[in-house]
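In the order they appear, the protein sequences are chains A and B. My numbering puts the first residue of the first sequence at 59, with every later residue one more than the last. My numbering puts the first residue of the second sequence at 25, with every later residue one more than the last.
Some clues are possibly wrong.
Said to hold, decoys possible - With a cut-off of at most 30 angstroms between alpha-carbon atoms, the simulated DSS-like pairs for lysine-lysine come out as follows: (1) A/Lys91 - A/Lys107; (2) B/Lys70 - A/Lys91; (3) A/Lys185 - B/Lys70; (4) B/Lys44 - B/Lys112; (5) B/Lys60 - B/Lys74; (6) A/Lys107 - B/Lys60; (7) A/Lys91 - A/Lys187; (8) B/Lys44 - A/Lys107.
If you're looking for bench data, these hints aren't it; they were derived computationally from the structure. Note that the coordinates shown come from a computational prediction; the quantities given were computed from them, not determined experimentally.
What follows is each chain in one-letter form.
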Amino acid sequence: MTSQCLDPLRPAPVNWARTLWDGTRKGLLATGKLMLVIVPVYTGMAILKYVGILQVIAGWCRPAMRLFGLPGDAALALVLGNFLNLYSAIGVMASLKLTHAQMTILSVILLFSHSQILESSVFFRIKTKYGILWAIRLVTALIVGYALHFVIR
Amino acid sequence: MTIRAALREYASGLFSLAWKMLLILVLIFVVLEVVKRFRLLERSLKGLHKVTGFMGFNEAAGLPLLAGVVFGIVFGGGVICGSVEEQKLEPRQVFLVSIFLALCHGIIEDTGLMIVLGANVFWITVPRLILGVAVTWLVNRWYQPPARADPG
């Protein structure tokens with residue numbers, strides 16, 4: 059396959075059916091490989107959400123919100139965003155009364171660190187150091203959120 | 025929430041995620057194949073490498089980087105999964121791509137959501153980009169795997 063593609067003197071004629079099929083096959087294969095980890099992880103997350111344990115964790119995080127200049131209720135957005143996904147965090151954010159500066163700070167923290175379980179499972183699937191990556195994201199999110207609190211008001 | 029509503033939310037959420045993955049990944053790989061056939065790929069990856077090379081990326085890393093920055097980690101990871109058979113991405117490259125994407129990904133959808141809620145565009149994009157570049161650069165410079173060094 060590669061030999062005919064890499065020959066610089068004689069370009070192979072484009073076989074459209076073959077090209078489309080190759081792309082489709084690779085796309086399907088990649089989706090399948092990822093679904094192997096995503097389905098169980100997604101199932102676990104749905105259970106976490108239903109059981110209500112995330113609300114309890116959010117309760118523990120409330121006092122820390124002062125570090126970022128955020129109201130205590132923002133803890134629920136951060137916890138849901140980190141364990142589940144951005145959409146569930148946004149559901150909470152929409153119900154909070156936040157200034158533009160607070161909204162920006164909360165958004166930055168969430169954009170650095172969100173969907174940690176699902177995205178770590180992708181890192182696990184591609185066989186890279188998911189633990190380190192998880193830590194880098196969380197620490198960066200907290201540091202940048204804390205720093206921004208002094209920069210924008 | 026009743027268990028019925030929870031189950032329905034679970035099923036529809038999983039289905040829409042799977043469907044989105046399937047569509048976007050098939051689209052990415054079909055476009056890739058077409059681009060490859062017309063030999064545009066090597067040239068564009070070389071161009072991209074001029075920008076990303078100083079962080080330690082090789083030319084093959086350009087693809088998952090682009091997919092991840094534009095569409096998100098799941099899709100960058102999908103491209104890595106799909107191109108494993110082509111053997112162009114060694115573990116170190118996969119790690120570097122992952123670090124960059126961990127800090128800076130899904131620039132369109134994720135950022136768009138936050139802008140709609142009233143966040144400042146500058147503060148939610150520029151710090152992520154700068155930190156993604158800086159951390160990848162630092163890790164590439166300071167972290168050498170114990171077994172063997174990266175050739176080239």
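Status of the hints after comparison with the structure:
1. A/Lys91 - A/Lys107: 25 angstroms, holds
2. B/Lys70 - A/Lys91: Roughly 29 angstroms separates the two Cα atoms, so the pair holds.
3. A/Lys185 - B/Lys70: 26 angstroms, holds
4. B/Lys44 - B/Lys112: Holds, at roughly 26 angstroms.
5. B/Lys60 - B/Lys74: It holds: about 20 angstroms lies between the C-alpha atoms, which stays within 30 angstroms.
6. A/Lys107 - B/Lys60: Not satisfied, since the Cα-Cα distance of roughly 44 angstroms exceeds 30 angstroms.
7. A/Lys91 - A/Lys187: Holds, at roughly 18 angstroms.
8. B/Lys44 - A/Lys107: OK: B/Lys44 and A/Lys107 at ~22 angstroms, within 30 angstroms.
Hint check: a violation occurs at hint 6 only; the rest are consistent with the structure.
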